[in-house]
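A.B. asks: Chains A and B are the protein sequences, given in the same order. As numbered in this note's numbering, residues 1 to 223 make up the first sequence, in order. As numbered in this note's numbering, residues 1 to 378 make up the second sequence, in order.
No lab work stands behind these hints: they were computed from the structure. Take the hints with a grain of salt, since some may be wrong.
Take a look, some chain B residues computed to stay more than 10 Å from chain A by CB distance [unchecked claim]:
| id | residue |
| --- | --- |
| 1 | F28 |
| 2 | C31 |
| 3 | A69 |
| 4 | A197 |
| 5 | T214 |
| 6 | P244 |
| 7 | P287 |
| 8 | P290 |
| 9 | T315 |
| 10 | A320 |
| 11 | E329 |
| 12 | G340 |
Examples of chain A residues lying across from chain B (beta carbon under 8 Å, computed) [what the hints assert, rightly or not]:
| id | residue |
| --- | --- |
| 13 | D114 |
| 14 | L117 |
| 15 | E119 |
| 16 | W122 |
| 17 | T123 |
| 18 | G125 |
| 19 | V126 |
| 20 | L139 |
If the Cβ cut is set under 10 Å, some of the chain B residues that face chain A in the computed set are [to be verified]:
| id | residue |
| --- | --- |
| 21 | P90 |
| 22 | G96 |
| 23 | F105 |
| 24 | H107 |
| 25 | G117 |
| 26 | V118 |
| 27 | R119 |
| 28 | P171 |
Ideal Cβ positions, reconstructed from N, Cα and C, are used throughout, including at glycine.
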Amino acid sequence: MDWIALWLSVRLAASTTLVLLAIGIPIAHWLVFSPRRWKVLVEAVVALPLVLPPTVLGFYVLMAIGPFSPVGRAYVRLVGHGLPFTFEGLLIASVLYSLPFAVQPFAAEFASVDRRLIEASWTLGVSRLATFWRVVIPLSVRGLVTGIVLSFAHTLGEFGVVLMVGGNLPGVTRTVSISIYDSVQSLDYAAASRTSLLLLIVSFVILVSTYSLQRTVWIKPRH
Amino acid sequence: MDQAAPLAPGPDGSVLQMEVQQRFPSGFIVCASLDVRLRAGSMLVLFGPSGAGKTTILRQIAGLERPDAGTIRFGEDVWCDTGARRWRHPQERRVGIVFQEPTLFPHLTVRDNIRYGVRPGSDPGVRHPSDPVAEIAGLLGITDLENRYPRALSGGEAQRVALARALTPGPRLLLLDEPFAALDAPTRVRLRRELRALLQATGTPAVLVTHDRTEALALGDAVAVVIGGRIRQVGPISDVFSRPADVDVAASLGIEAVLPARVVASANGMLDVRVENVVLHVAEREPLEPGSDVYACIRAEDVTLETDPAGKASTRNHLAARIVGIASEGPIDRIALDCGFPLDALITRRSREELQLKVGTQVTAAIKATSVHLVPRV
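Extracted from the complex, chain B is given alone in its bound form (with noise of 0.2 Å):
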């Protein structure tokens, strides 16, 4: 998988570069600072708690929300530049936005709702030349219900017109704050996929709000971490979720090791999953087609080490691994391992020293079938 793609610079895509302060009455400041090359089709995740200052990082990108200092571009583009008096206005950055709970027009019909933003005789900057409303409505499986007004719609459908509304003037830039959180998860998980087919279709790149761990893991090509109104890091989705920057963005993350991988077999509910060049045994906990890329996710604390191989036990996988670094916390260690791809083990000291394990030595990472977690790709 070609994860680093979206950060480095290439021929298509814009930067999209952000360095802001904006204090709110309630006291709370958001100081957002981001840099980062937005790919067509790609998507940067901001992950956070709730009430860390994302939605405003993103409405601030859509013009919504004004900083009190700072500068806001989207390749040539200048958003927002307090210093110099230069702000554009919502109408002029040409982004589309889709907020949590649906938001269409009642008084309008479907059609009317995804027409919306079209003007007549648009500008030739557009992307569908020929019918957008059709093309997009098409693309979402939602042609039938265009007579229909909003509030004869589900919530998945509202959705899926709300996001063909975005997207027909045929945005630069689509900015989602966590869109699929109302829905329930099998429609959830349904648009993710659609959503996901629908920027690669039209090239846009998009900016996506949640605090799903899931959601960033299935959606995000890069990730821009948000804590306490700041951007704690930014980076590629599996650098960061595997090498926090910090305790805070770790705590945030969820303390696992997640590595890119790709289903390579799949037989009698058992998966098999290749990381890297190191083929996991893992449980099938929902059905997986060989070929599908996915995130395994290995917390630290399921990892056993062990120094001699020949030990039977029930455990699945017994990786052959070197010990990289060992790092004290407490009563416990975390041992950084390089078993073909980097991963953490926490043991206690006692046993650490039992085992005479320091940094070199060979031993061997087990790890049961069952607690590897895969997140399917979307």
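Isolated chain A, as found in the complex (with noise of 0.2 Å):
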């Protein structure tokens, strides 16, 4: 077992969740809540990876922070080498590859909350921002939970992204998923055999709880 690509790939998915948690949220509450009518725009943009084959996400965003981009020319002159093929690239391309399962169901979940709920609160004086910590996140906890979830589950077993950004050093950027290509590469049916069994069983806990998470929704519907 490659003990170190499975802690590289928890480490990527745990830092991926944590930035998508970050980002995710204002995000899907200004999907929710703009009037502005270029929303769907974004919408689609943030569903993209959802249907792109992860090379072409992958394609360009190795396009994008590499040295021929200004961002990667200016990364390249702040920290003293570039993003492709570092673990900090990889964290770059999981947010974005990662980024419709977490918005949508952040999303889906404050588009949930009762208008009226955001409405009285206003009413008693208490401001936009503080509503939305006050009422709308109380109330979206499933939602987030399933988000985290899903976004970590994701980033674990992601493939073609990694290999278009990161390749394939251990310790750096080799996840499991490339792990167990390379064993079955090598012939190490063995190895490729317990990792993917492992993964199997990992995604499938991870599921089963996000649904039986659900589940508690559709037997006792909010009010």
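Once you've looked at the hints, go ahead and assemble the two chains, each given alone in its own frame, into the complex.
C.D. replies: Right, dumping it as structure tokens:
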């Protein structure tokens, strides 16, 4: 078993989830509560990773953070090395790749909060931002947990994007799914099967817990 | 009863003035114009059929709906003036709102719901210096519920908590959107009474949206009739109900005389009710204490006219009346009477001709004791 790759994947998934929690909540909030018509464009952009081949997404991310883009050059000047084939580069790609898995459950849950609760809060003198934290977030805990779990699980299993942006550097960008691919390539089926089984079990447990969480919603609908 | 008081200019209370227009994507246009003085503890009723735009007007007052054009003023404050690009957010207006469905925060206990709008170190304008939560919870009899969550409350309890939540920060104006419509009848009657007591105890003026006639009569001091997105008539409640401005208003109010009255005696299932200086005998449908203020409602078709006062009949009420007006409505004539209070009678043109009735004729108006409907004021 490639424990180094597994540990890297867990670190990547955890970091990605944290970043998604931080940026996914404001994006979902904006998508739900903004009166702008062109927010459908943003909605579509957020959902793109669901339909794009990971290689396409990976290619564009590579271009965007590579030495030929202003962003990539600025990063080199700032830090001293480039983003591609580093953990940070991988993190950026993973965040984009898993964005819909966080934003969509967040937004769905925000939108399901009774509008009149929000309005009641406003008339009670509580600002929009404070209302969001005191009413919308507490009533969206299930959607937040769903988004977090799905982001984590999705990042754990990503392959194409990692290969494009991160390559295959042990301990730096060689995640568990790439490790499995390597094992198969070198005909080490025993190692591949062990790691695959572990990933299968972890993913299954995560999904079971997510769905059972949602099931309580089906049984006891909120008023 | 001091019916005209809420509209009369006085030292207390504030004038609510609005002149707004708002167009909805459906094509529906709300075009409201209102200028009413709201005295402390008094209530203005926005009355009208469903879909007339009452709720929209209430939401405009709250700042939850933004008019396309116009102004809204309350007392000294300009809440909305599209010309001067002035807009006060709902947070700045200090209004309390109660919706038809209880909309308590489900993740907070009753106590935290009631406290929700109270700022730590709140401003000196708040009327309750000691403990507003305890005071209002006590008035509403919900002190025992404080540790419960909203899902463990009955409909009536939930609306009591919603009222307490809206009133605790000391709003300048309370807005009520059919707050009792979803409750069963006995609870509704009890809550009306509690609401009235609460408004008077806190001195808060209120605007109530309702399509329920009984509710308008029971609670309202003034009424604004809303039809088709417009405010068609505003005035003290008995004036508007007795003298609707036009046919549409009359149709939405129900064609009935609505007379301020007081129960003066009660015996053997019969009530004596005084209207102005006339006493009517009324069959008792629900127990009413002598001294209770009521509205006596009499339909014009239930009033019969006699020219021979000696005639014997089962009718309990025989009132000396003078005809002050006759209006023809097809084969039916509407006779306006002065019998110590204004009253209309509907009779056929044939009867009118046979009895030789004309303006100035002295007649007897007969009303059965079962034809007078009483709506108690709370």
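A.B. asks: Does each hint hold? Answer for all of them.
C.D. replies: Hints, verified against the model:
Every Cβ of chain A is farther than 10 Å from the Cβ of B/F28; the closest lies at roughly 19 Å, confirming the non-interface assignment. At roughly 23 Å, the least C-beta separation between B/C31 and chain A is larger than 10 Å, which holds for a residue marked as non-interface. Listed as outside the interface, B/A69 is consistent with that label: its C-beta sits roughly 19 Å from the nearest C-beta of chain A, beyond the 10 Å cut-off. The claim that B/A197 is not at the interface with chain A holds, since no C-beta of that chain comes within 10 Å of its own (minimum 22 Å).
Distance check on B/T214: its Cβ is at least 26 Å (rounded) from any Cβ of chain A, clearing the 10 Å threshold; non-interface status holds. Against the 10 Å criterion, B/P244 stays outside the reach of chain A, whose nearest CB is about 33 Å from its own CB. Non-interface status of B/P287 relative to chain A is upheld: no Cβ of that chain comes within 10 Å, the nearest being about 37 Å off. The Cβ of B/P290 lies farther than 10 Å from every Cβ of chain A, with a closest approach of about 42 Å, so its non-interface assignment holds.
Non-interface status of B/T315 relative to chain A is upheld: no Cβ of that chain comes within 10 Å, the nearest being about 51 Å off. For B/A320, the requirement that its beta carbon stay farther than 10 Å from each beta carbon of chain A is met, with the minimum near 54 Å. Once the 10 Å rule is applied to beta carbons, B/E329 is consistent with being away from chain A; the minimum gap is 44 Å. Residue-level check passed: B/G340 sits 46 Å from the nearest beta carbon of chain A, beyond 10 Å.
A distance limit of 8 Å between C-beta atoms decides the matter here; for A/D114 the minimum to chain B is near 6 Å, and the interface restraint holds. For A/L117, the interface hint holds, since its Cβ comes within 8 Å of a Cβ in chain B; the closest pair sits about 5 Å apart. Satisfaction of the interface hint for A/E119 is found here, the shortest Cβ-Cβ separation to chain B being roughly 5 Å, below the 8 Å cut-off. Hint status for A/W122 relative to chain B: holds, with the closest Cβ pair at about 4 Å, below 8 Å.
Because the beta carbon of A/T123 sits about 5 Å from the nearest beta carbon in chain B, less than 8 Å, this interface hint is met. About 5 Å separates the beta-carbon of A/G125 from the nearest beta-carbon of chain B, less than 8 Å, and the hint is met. The closest approach between the C-beta of A/V126 and any C-beta of chain B is roughly 7 Å, which is under the 8 Å cut-off, so the hint is satisfied. At a threshold of 8 Å, the smallest CB-CB gap from A/L139 to chain B is about 6 Å, leaving the interface hint in force.
Hint on B/P90 holds. Least Cβ distance to chain A is approximately 4 Å, under the 10 Å limit. Satisfaction of the interface hint for B/G96 is found here, the shortest Cβ-Cβ separation to chain A being roughly 7 Å, below the 10 Å cut-off. Restraint check, B/F105 versus chain A: the minimum CB separation of about 6 Å is within 10 Å; hint holds. The restraint placing B/H107 at the interface with chain A holds, with a minimum CB-CB distance near 5 Å, inside the 10 Å limit.
Against a cut-off of 10 Å between C-beta atoms, the interface hint on B/G117 holds, since the closest Cβ of chain A lies about 3 Å away. Given the 10 Å rule on beta carbons, the hint for B/V118 holds: about 9 Å separates it from the nearest Cβ of chain A. Of the supplied interface hints, the one on B/R119 holds, with its beta-carbon coming within about 7 Å of a beta-carbon of chain A, less than 10 Å. The interface hint given for B/P171 is met, as the beta carbon of that residue sits about 8 Å from the closest beta carbon of chain A, less than 10 Å.
In the structure shown, no violation is registered for any of the earlier numbered hints.
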